[in-house]
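For the record, the sequence lines run as chains A and B.
Quick note on numbering: my numbering labels position 158 of the first sequence as 158, and the sequence is numbered without any gaps.
Quick note on numbering: my numbering labels position 284 of the second sequence as 284, and the sequence is numbered without any gaps.
Please note: incorrect hints may appear among the correct ones.
Label pairs and their calculated CB-CB ranges [what the hints assert, rightly or not]:
hint, chain 1, residue 1, chain 2, residue 2, range
1, B, VAL41, A, GLY136, 39 to 49 Å
2, A, LYS122, B, GLY128, 33 to 43 Å
3, A, LYS122, B, PRO342, 24 to 34 Å
4, B, GLU307, A, GLN262, 54 to 64 Å
5, B, ASP125, A, GLY309, 33 to 43 Å
6, B, PRO296, A, GLU275, 31 to 41 Å
7, B, ALA409, A, ARG11, 57 to 67 Å
None of these hints come from the bench; they were simulated from the model.
Remember, predicted model here, so these are calculated numbers, not experimental data.
Ideal Cβ placement from N, Cα and C applies to all residues, glycine included.
Protein chains: 2
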Amino acid sequence: MPLDTDSLLARLASAFPGPALLAGDDIPARNLHDTSFLANVTPLAVLRPDTPEAVAEAVRLCAEAGVAMVPQGGLTGLAGGGHPIDGAVMISLERFNGIEEIDPASSTMTVRAGTPLEVIQKAADEAGFFIPLDLGARGSCLIGGNIGTNAGGNRVIRYGMTREMILGLEYVLPDGTLVSGLNKMLKNNAGYDLKQLFIGSEGTLGIVTRAVLRMHPKPGCVNAALCGLGSYDDVVNLLAEARRGLGPMLSAFEVMWPDYWQVVTETVGTRSPLEGKHAFYVLLETQGLDEEIDGPRFMSWIERVYEAGLLEDAAISQSLSDVQRFWDVRDACAEFMTRLGPHCAYDIGLPVTSMDAFADACRSRLVEAMPEALSVYYGHIGDGNLHIVALDRAVKEQPMDRISSIVYATVRDFRGTISAEHGIGLLKKPYLPYTRSAEELALMARIKAALDPAGLLNPGKVIDTPTGDLK
Amino acid sequence: MPLDTDSLLARLASAFPGPALLAGDDIPARNLHDTSFLANVTPLAVLRPDTPEAVAEAVRLCAEAGVAMVPQGGLTGLAGGGHPIDGAVMISLERFNGIEEIDPASSTMTVRAGTPLEVIQKAADEAGFFIPLDLGARGSCLIGGNIGTNAGGNRVIRYGMTREMILGLEYVLPDGTLVSGLNKMLKNNAGYDLKQLFIGSEGTLGIVTRAVLRMHPKPGCVNAALCGLGSYDDVVNLLAEARRGLGPMLSAFEVMWPDYWQVVTETVGTRSPLEGKHAFYVLLETQGLDEEIDGPRFMSWIERVYEAGLLEDAAISQSLSDVQRFWDVRDACAEFMTRLGPHCAYDIGLPVTSMDAFADACRSRLVEAMPEALSVYYGHIGDGNLHIVALDRAVKEQPMDRISSIVYATVRDFRGTISAEHGIGLLKKPYLPYTRSAEELALMARIKAALDPAGLLNPGKVIDTPTGDLK
């Protein structure tokens with residue numbers, strides 16, 4: 001029995017007085033979009049409940065009214081998962097924030113979904129622990145969104161994705177049921193591990209309200225090297241040597257192709273820590289226990305791989321500011337928007353051995369279609385994750401669909417994934433069949449239908465609720 | 001349109017000629033039970049397909065006939081998940097075994113579900129890698145069963161459960177659809193992470209056919225210490241110090257309560273590496289990179305915690321045979337069946353800080369109900385996992401239901417889990433509500449109904465397909 005929107009708004013206003021409900025002109029501009037560069041959309045209302053029970057009540061009222069809902073966190077998503085939908089109610093978690101508990105004996109932290117990642121990182125640090133999840137938007141992204149998108153970042157090779165950091169989860173189902181599973185134990189095989197459904201499903205199956213995070217010991221020292229290599233084979237061999245020789249200390253292995261390096265050092269103007277030019281650049285980082293022991297160990301490992309002929313050159317950090325300087329080269333991609341102008345950005349995944357062949361193929365196909373195409377390649381290759389920035393320098397308005405279809409068709413040919421870490425949202429949804437089989441897509445739709453038969457939670461994102469076979 | 005069983009058997013015999021089908025007296029005794037000590041059950045037939053497509057065909061034929069199926073691996077499960085069901089067809093993966101690929105660059109191994117864990121460990125070792133999953137049944141358990149039960153083991157504190165080792169998965173749905181997602185990348189956020197549904201759901205949602213496993217670098221050295229401590233507070237503090245001081249090298253932290261120690265050293269007769277008696281015993285293991293560097297580091301860490309007063313005594317390994325000798329004390333529990341006679345064994349989980357209070361409460365309640373009750377406690381406490389062995393020494397036939405209801409009621413009071421690693425299967429199913437909320441159970445049932453609406457796959461295990469609301 002769908003309600004008219006005025007009646008729903010009246011119900012919401014009575015259930016959520018004061019700052020919890022924003023409607024009409026009260027909706028601030030920042031709630032009209034996420035970071036996907038899709039056109040602004042003004043939703044019916046923005047609800048900002050500040051308890052799990054209030055989130056459940058909000059969902060129940062919308063579900064009863066038959067009105068669509070979009071969960072919102074820090075609105076830093078790049079694929080459109082949190083982008084508003086016309087006529088829908090946004091359910092923002094921003095007012096349900098804060099850290100509820102730090103349990104040093106269990107190495108866990110219980111947080112509310114609206115807590116910014118940086119607040120969580122700092123609280124762990126002050127308690128003598130470490131939260132390895134880290135990404136550029138750390139100051140504005142909220143942990144609920146990190147969980148909803150299964151955020152990655154630079155240290156996945158050592159610590160895994162967000163999924164690996166979640167021990168317990170509380171969430172609201174599309175019918176308004178609050179399900180609390182705030183487990184603190186590393187091991188719990190009592191029935192299905194339900195939380196896995198809500199991690200990385202981009203708010204299409206439920207709305208995360210609280211989580212128990214696994215904290216790690218604080219690293220005692222950090223060492224890094226920026227290396228120049230002569231071939232992709234050497235890159236693959238260096239990764240293998242790093243895994244063997246540095247073991248669990250290896251915390252980042254970032255590869256930059258020469259086209260990336262050229263744009264960063266020439267167009268962006270970042271100073272290169274290396275003098276010569278190389279076929280590949282690798283930023284390698286370790287987190288050790290004591291500088292006294294692990295510093296010399298890192299040095300002697302670097303010497304060993306240098307003597308084995310894997311490196312043409314290497315700059316080795318002598319201080320944390322050197323480490324930062326090396327990361328500046330990798331982080332310079334944040335300047336691409338101002339220096340290169342509008343462009344298309346991709347976040348794909350491939351088996352490690354195919355990455356260079358992929359880059360070659362993708363570059364050629366883009367140039368074949370658009371002679372002035374520029375594409376640059378860089379990424380966390382130890383995790384199988386490659387980032388691509390591409391644009392047609394001959395035109396002002398970027399032909400996004402054209403570029404995407406070339407990039408994603410190449411991903412399909414190389415049997416990769418169209419999204420390693422950013423998710424599918426709206427932007428990549430047309431390309432999901434490039435990377436998932438018909439059987440996988442049908443199973444996703446079956447799960448969506450089981451949890452959200454009316455298709456009211458974040459509809460149109462990731463996968464649609466199938467129609468026709470429903471009661 | 002359910003078929004009569006004779007017609008189904010005829011169809012199966014024509015589709016699966018030769019050794020793939022065992023029926024009637026051809027079914028060997030070992031297929032009539034798993035390791036849960038439930039009474040033998042003779043199934044309708046044992047099907048042993050040897051390709052993923054044949055598994056799919058087997059499931060399709062049984063589903064069409066409306067006959068229940070039970071997936072079987074090495075039959076080493078302790079909770080009854082693989083125990084036969086009267087009138088059902090067992091689908092055993094034992095003939096689909098072997099390693100399909102080792103990819104050193106991606107650090108992955110692609111395996112068939114019927115491959116024994118030990119074969120996988122050895123193949124990784126020969127290729128210069130390490131598969132951290134390890135458990136007593138390594139020689140007979142099959143990787144498909146390890147995945148189906150999300151097996152744990154001793155090194156979860158460092159490497160995680162089986163779930164964390166699975167990058168890609170192929171499985172057959174209850175309707176016979178083969179879904180292949182043999183991903184090799186650490187990062188893949190392209191839609192729902194479907195494989196999570198099939199890991200740890202004990203063959204109630206699908207049958208695993210192949211998997212891509214993540215391999216780790218081979219540890220360069222192993223050090224261990226067996227420590228005597230004066231209080232549980234010291235145990236908790238030692239764990240915190242070990243996490244901080246040994247970081248990612250910490251590969252095991254096993255705690256033994258004094259009643260366990262007494263049974264092992266006096267009843268089983270294992271020689272104690274320590275001379276005196278202590279309130280708690282901790283077996284601590286690290287896996288380092290080089291003995292030359294990490295051996296002295298381990299020694300100096302032990303000295304530091306000893307000087308800080310956390311340890312009353314410690315034996316430190318000088319060789320791998322010492323490491324083995326320390327593990328012998330922990331592994332002596334395998335002798336309990338012969339030395340203590342029939343008993344009940346539990347595998348529960350609790351937050352680290354509540355474990356000792358739990359052990360006290362559980363011990364008292366058992367003795368209150370049965371004055372001759374013996375219960376001993378030991379486990380992987382860094383993972384929140386406690387094992388309990390309990391029996392009433394006054395009787396021959398153990399009152400399993402009575403003991404279980406006391407143990408599990410205590411788990412409920414301490415907000416723990418009734419299964420940390422062994423799963424739910426049949427044995428623990430009545431107690432699942434002690435540890436999961438009504439909302440969680442309803443959601444599990446909803447998932448089960450979505451994937452197996454007819455309730456034909458491993459029916460009666462873990463959670464039932466709800467009736468009444470189905471078409």
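Whether the CB-CB distance between ASP125(B) and GLY309(A) falls inside 33 to 43 Å | Distance hint for ASP125(B), GLY309(A) is violated at roughly 27 Å.
Hint says 33 to 43 Å; check whether the CB-CB distance for LYS122(A) and GLY128(B) agrees.
-> Since LYS122(A) and GLY128(B) have Cβ atoms about 40 Å apart, the given range 33 to 43 Å holds.
Does the Cβ pair VAL41(B), GLY136(A) satisfy 39 to 49 Å?
-> 57 Å, violated
Take a look at whether the Cβ-Cβ distance between LYS122(A) and PRO342(B) falls inside 24 to 34 Å.
-> 54 Å, violated
Using the C-beta atoms of PRO296(B) and GLU275(A), is the stated range 31 to 41 Å upheld?
-> 38 Å, holds
Is the gap between the beta carbons of GLU307(B) and GLN262(A) within 54 to 64 Å?
-> 56 Å, holds
Would you say the C-beta atoms of ALA409(B) and ARG11(A) sit inside 57 to 67 Å of each other?
-> 43 Å, violated
Checked against the numbered hints listed earlier, the structure breaks hints 1, 3, 5, 7; every other hint is satisfied.
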